[in-house]
Amino acid sequence: MAQKKFVVGCFDDEKVLFPAVKQVRTAGYKIKDVYTPFPVHGLDHALGMRETSLHTAGFIYGITGTTTAISCISWIFTKDWPLNIGGKPHFALPAWIPIIFELTVLFAAVGMVMTFMWLCQMAPGVKKHHFHKRATDDLFVMVIECTEKTNAEDLKALLASNGAVETDIQVAEDGWWFGTYDNDDDNLYKQVAH
Amino acid sequence: MASIKEQFEIPGKLKTWAYALIGIGGVALLYGMFTQGFSTDEHEQVHFWGTLMYNTIFWTLVTNAAMFFLCFSTMAQAAWMQSFRRIAEAISTLVPVFGSITFAVLIYVVVSEKHHIYHWLDAAAVAKDPILKGKAGFLNPTFFIIWTTLAITLWSYFGYRMRQISREADENPMDAETAKSFNIRSMTRSGFFLVWFGLTVASTIPWLWLMSIDAHWYSTMYSWYTFASSFVAGMALIALWVIYAKNKGYLELTNSEHLHDIAKFMFAFSIFWTYLWFSQYMLIWYANIPEETVYFKHRVQGAYKPIFFLNLVVNFLAPLIILMKRSAKRNFTLVAFMAVLILFGHWIDFYQMVMGSLMKDHVTLGWLDFGILGFFVGVLILMVARSLASKPLIAKNHPFLKESIIHQV
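As given, the protein sequences belong to chains P and V, one line each in that order. Residues in the first sequence are numbered from 0 upward in steps of one, following numbering that gives the first Met the number 0. Residues in the second sequence are numbered from 0 upward in steps of one, following numbering that gives the first Met the number 0.
Please note: incorrect hints may appear among the correct ones.
Below 20 angstroms or equal to it, Euclidean Cα-Cα: the simulated SDA-like pairs (lysine to any residue) are [unchecked claim]:
1. K324/V x V39/P
2. K87/P x A286/V
3. K324/V x K87/P
4. K12/V x A286/V
5. K401/V x V39/P
6. K401/V x T55/P
Just the calculated beta-carbon pair ranges, DEER-fashion [said to hold, decoys possible]:
7. S52/P x N246/V: 43 to 51 angstroms
8. T63/P x V299/V: 48 to 56 angstroms
9. D260/V x L118/P: 20 to 28 angstroms
10. D260/V x K132/P: 47 to 55 angstroms
11. A267/V x C119/P: 22 to 30 angstroms
12. V299/V x G174/P: 57 to 65 angstroms
Residues from chain P that keep clear of chain V, each with C-beta distances beyond 10 angstroms, as calculated [claimed, not checked]:
13. F58
14. D79
15. I96
16. V104
Keep in mind the hints are simulated off the structure, nothing from the lab. Ideal Cβ placement from N, Cα and C applies to all residues, glycine included.
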């Protein structure tokens, strides 16, 4: 957790946002993220983000669930406590398939939700700095992290010339912290200076 | 959009293949009909008419699934399929053609009282059989003929009405009001088809045509199972034609985004089919009541064992493993391969559904099956290509077309 310096540009139209993203990237800046009120098709692509690996993780969780179910049920019903149920063989695979299926789904679903929360740093009580209040309402908020080489004023001008309706330089908390939204604004916007 | 190729021209090679298949298949069909179909030996009769029955029923239901796809998409106001809707429409024009063949075969079987195929046709046996007597209100020749006639006629008619309204999108650009009423009228017409589809394909028709071969046996999953089988094969057929047309340089507006969604249907409904396959099998296996297990006895333990499990590998394991990845669903070659595999797999499924009950002791898969299959595939290729060539490939003024062009998964 550290305080970092960011340049923030707010856009009120997707049609302006997309060329701006392209311009900022060709100018050599690395965009930290664009906060949008709703999912914007193709934005992840425009930002050059790599394809998520969440589905691979989901597959692995699913396979784990399948394996757990098969090994657990087969051990119980053939080794640990074999029972004669309706004259069926001890290794009664058809009867187990629903449970195997359910455990596969359970492991995959819970595992993927957990992984998603971890990747996005989301959990009850976990707070992060909001760069603009209207990012959840009607503004597309582009955030660029400053390095020691970045001239923040130049970047601000570049954003404005590409159609940003509002530009801003913020020194703010980069990581997350525990807090509640009903306390006060200090918890919501952890920001040092403009 | 000026550079769009709207007119499909049938490639000469496709025609040659179609005529060759129709020729070879037709010879096999006629030879089979005269040596076996009209033979005095009951086994040979059952072999021929059974083989013809499962082929014609399979292709009727598969082509009808293309219209079902169009109708539920219209009902859901789906836009993504607009760029290739004419492919599905062209496939659905085969319903009256294959429907007539099915009609002729089934009516012949019922009228000539082939009780080795439909045991309930044997009036003397029904009279002293309490189970069949109980079913006689449903399983009787009169109802069979009326319901079959109604089913095929109304599928064809409602399908025709859907294709007609789609033609309106060819003429003039629509203003907002026209587009709105066009949309509502399309939805109304698809509603008629869907309701009738539910009353036939998803319930009564598989009971009458297929399940009643095992006259004493019944399964409440049977119709859904048949529907799932024919629907996933229908999606595979649409995928094949889309890929073929794309390969020949048509359908510029259809790309891997659309293919991704078609392949999703193939993937999802392969699993849906397995779900029904398993639900039907597991309940009967668990309860272990002789009058129910009789259906699976010779399939799981008898001569049909290899086919029965091949069915599961081709229709469940292969799509599950191969089509799971996103990149696989967007790969035209792989989806084409899977479409052929799924079509073959569900054809085999229909084979074991019908012949597994008619010829319990030996698997008869041979020249007759593949000959008749060839005949149907030939007719399908020729008539779908002709139907595609007879109207524009793009419904260019359809209100949802733009949404389909920018479709992104």
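Here is what the structure says about each hint:
no.	hint	in the structure
1	K324/V x V39/P	24 angstroms, violated
2	K87/P x A286/V	10 angstroms, holds
3	K324/V x K87/P	37 angstroms, violated
4	K12/V x A286/V	54 angstroms, violated
5	K401/V x V39/P	18 angstroms, holds
6	K401/V x T55/P	33 angstroms, violated
7	S52/P x N246/V: 43 to 51 angstroms	33 angstroms, violated
8	T63/P x V299/V: 48 to 56 angstroms	31 angstroms, violated
9	D260/V x L118/P: 20 to 28 angstroms	26 angstroms, holds
10	D260/V x K132/P: 47 to 55 angstroms	37 angstroms, violated
11	A267/V x C119/P: 22 to 30 angstroms	27 angstroms, holds
12	V299/V x G174/P: 57 to 65 angstroms	59 angstroms, holds
13	F58	8 angstroms, violated
14	D79	22 angstroms, holds
15	I96	6 angstroms, violated
16	V104	12 angstroms, holds
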